[in-house]
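S.K.: Protein chains in written order, with this note's numbering: chain L, 240 to 394; chain Z, 49 to 182.
Rather than coming from a laboratory, the hints here were simulated on the basis of the structure.
The beta-carbon is built from N, C-alpha and C at its ideal position, and this holds for glycine as well.
Each hint should be verified, as a subset may be incorrect.
As the list claims (entries may be wrong) - Distance condition first, Cα-Cα at most 30 Å in a straight line; then the derived DSSO-like pairs of lysine-lysine:
| hint | chain 1 | residue 1 | chain 2 | residue 2 |
| --- | --- | --- | --- | --- |
| 1 | L | 287 | Z | 87 |
| 2 | L | 281 | L | 360 |
| 3 | L | 246 | Z | 68 |
| 4 | Z | 168 | L | 287 |
| 5 | Z | 148 | Z | 168 |
| 6 | L | 281 | Z | 96 |
| 7 | Z | 168 | Z | 87 |
| 8 | Z | 148 | Z | 68 |
| 9 | L | 287 | Z | 94 |
| 10 | L | 281 | Z | 148 |
Said to hold, decoys possible - With the C-beta cut set under 10 Å, the calculated list includes, among others, these residues of chain L facing chain Z:
| hint | residue |
| --- | --- |
| 11 | 337 |
| 12 | 352 |
| 13 | 357 |
| 14 | 358 |
| 15 | 359 |
| 16 | 380 |
As the list claims (entries may be wrong) - Sample of chain Z residues facing chain L (criterion: CB under 8 Å; computed from the structure):
| hint | residue |
| --- | --- |
| 17 | 62 |
| 18 | 64 |
| 19 | 67 |
| 20 | 68 |
| 21 | 78 |
| 22 | 106 |
| 23 | 110 |
| 24 | 123 |
| 25 | 124 |
| 26 | 136 |
| 27 | 139 |
| 28 | 141 |
| 29 | 156 |
| 30 | 168 |
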Amino acid sequence: MERDEIKGRLIEGAVSSLERLAFIFSYPVEMPERGGMDDAVKATVSFKGRLCGSLSIELPTSALPELAGNMLGLDGETPSLEQQYDALGETANVICGSVLPSLAEESAIFDIGVPDVAAVKNESFELSDSDFEVRAYLELDQGNCTVKLRLDDEL
Amino acid sequence: MAINILVVDDSSVMRSMIIKTMNMSGLALGEISQAGNGKEALGLLKDKWVDLVVADINMPVMNGEEMINRIMEDPELKTIPILVVSTEASQARIERLMSKGASFIKKPFSPELIRNTIVKILGIEDNGEGRDKR
Chain L
240 MERDEIKGRL IEGAVSSLER LAFIFSYPVE MPERGGMDDA VKATVSFKGR
290 LCGSLSIELP TSALPELAGN MLGLDGETPS LEQQYDALGE TANVICGSVL
340 PSLAEESAIF DIGVPDVAAV KNESFELSDS DFEVRAYLEL DQGNCTVKLR
390 LDDEL
Chain Z
49 MAINILVVDD SSVMRSMIIK TMNMSGLALG EISQAGNGKE ALGLLKDKWV
99 DLVVADINMP VMNGEEMINR IMEDPELKTI PILVVSTEAS QARIERLMSK
149 GASFIKKPFS PELIRNTIVK ILGIEDNGEG RDKR
């Protein structure tokens with residue numbers, strides 16, 4: 240499978256999951272503009288099975304209250320930091336569950352790990368893709384989002 | 049009769065989403081219990097009678113599939129209906145779960161799908177009133 244095709248499926252899975260899970264609308268951009276970025280939080284889920292690797296989503300810290308608030312249906316109440324991190328982890332989980340079936344045959348079985356969520360200094364700006372890594376950039380009202388798929392082996 | 053439900057998911061946000069959806073569904077709900085993994089859920093099931101288990105698959109400590117196997121092996125628990133709500137990607141695994149009697153909904157879910165599936169599983173009348181048929 241070509242890199243562009245994988246990227247397309249990654250974008251489709253991420254845009255759809257953010258919209259359906261948290262009512263957050265996003266659109267893909269080729270490359271985010273540099274500078275002025277907030278600190279970010281990254282959630283990573285690893286997976287094993289027909290394909291092995293990991294999927295991560297990175298959002299500006301300032302975007303997390305809306306993500307978690309929308310998922311929880313909070314009205315004007317700020318979700319706790321724990322809820323914000325949990326919401327981002329679950330988002331990564333849902334995107335992973337959406338993208339993997341589109342990359343492998345229907346019968347393939349995957350074991351998806353527990354999300355690992357941590358604050359990062361916005362590392363999205365290391366823009367080069369390695370051999371088995373595909374990145375997609377989404378623009379949200381709240382800032383840029385990076386979704387990264389890393390595979391242990393080439394498809 | 050009100051429906052007692054156990055929601056099992058390692059994400060507290062997802063548990064809240066499921067519970068909120070069920071509260072809005074018009075179903076006659078009784079006690080809603082929560083567990084963060086399969087082991088915790090089995091512990092709760094020793095002490096509480098529930099009419100439905102709503103469970104994720106990918107969880108730490110004990111995953112949902114192992115929990116379902118344990119429930120099926122227990123004569124006192126094996127008749128409890130199970131609804132799996134998961135990001136599970138594999139059709140083969142979904143079919144395996146369904147062959148054990150579980151129903152399946154893929155995340156992200158719509159409130160209507162959750163409601164309609166519970167109505168179907170429990171065989172309750174679609175008027176917001178729970179009715180125990182077991």
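S.K.: Given residue 139(Z) as an interface hint, is the shortest Cβ-Cβ distance to chain L below 8 Å?
M.R.: holds, 5 Å
S.K.: Can the restraint linking residue 246(L) and residue 68(Z) be considered satisfied, given a maximum Cα separation of 30 Å?
M.R.: violated, 34 Å
S.K.: Run the distance test for residue 168(Z) versus residue 87(Z): straight-line Cα separation, threshold 30 Å.
M.R.: Distance of about 27 Å is within 30 Å: holds.
S.K.: Is the shortest C-beta separation between residue 68(Z) and chain L less than 8 Å?
M.R.: holds, 6 Å
S.K.: For residue 287(L) and residue 87(Z), compute the direct alpha-carbon distance and say whether it is at most 30 Å.
M.R.: holds, 23 Å
S.K.: Is the interface hint satisfied for residue 358(L)? The criterion is a beta-carbon contact with chain Z at less than 10 Å.
M.R.: This interface hint is violated because 18 Å lies over the 10 Å limit.
S.K.: Do the numbers back the hint for residue 67(Z), that is, is its least Cβ distance to chain L under 8 Å?
M.R.: Check failed: Cβ of residue 67(Z) comes no nearer than 10 Å to chain L, outside 8 Å.
S.K.: For the pair supplied as a hint, residue 168(Z) and residue 287(L), is the alpha-carbon distance within the 30 Å limit?
M.R.: violated, 34 Å
S.K.: Taking the closest Cβ pair, is residue 123(Z) under 8 Å from chain L?
M.R.: violated, 30 Å
S.K.: Taken at face value, is the distance from the CA of residue 94(Z) to the CA of residue 287(L) at most 30 Å?
M.R.: Not satisfied, since the Cα-Cα distance of roughly 33 Å exceeds 30 Å.
S.K.: Should the interface hint for residue 64(Z) be scored as holding, given a Cβ-Cβ cut-off of 8 Å against chain L?
M.R.: holds, 5 Å
S.K.: Double-check residue 359(L) for me: the hint is only fine if its C-beta lies closer than 10 Å to a C-beta in chain Z.
M.R.: Not OK, violated: residue 359(L) not within 10 Å of chain Z, min 20 Å.
Hints 3, 4, 6, 9, 10, 13, 14, 15, 16, 19, 21, 23, 24, 25 and 30, counting from the list given before, are not met by this structure.
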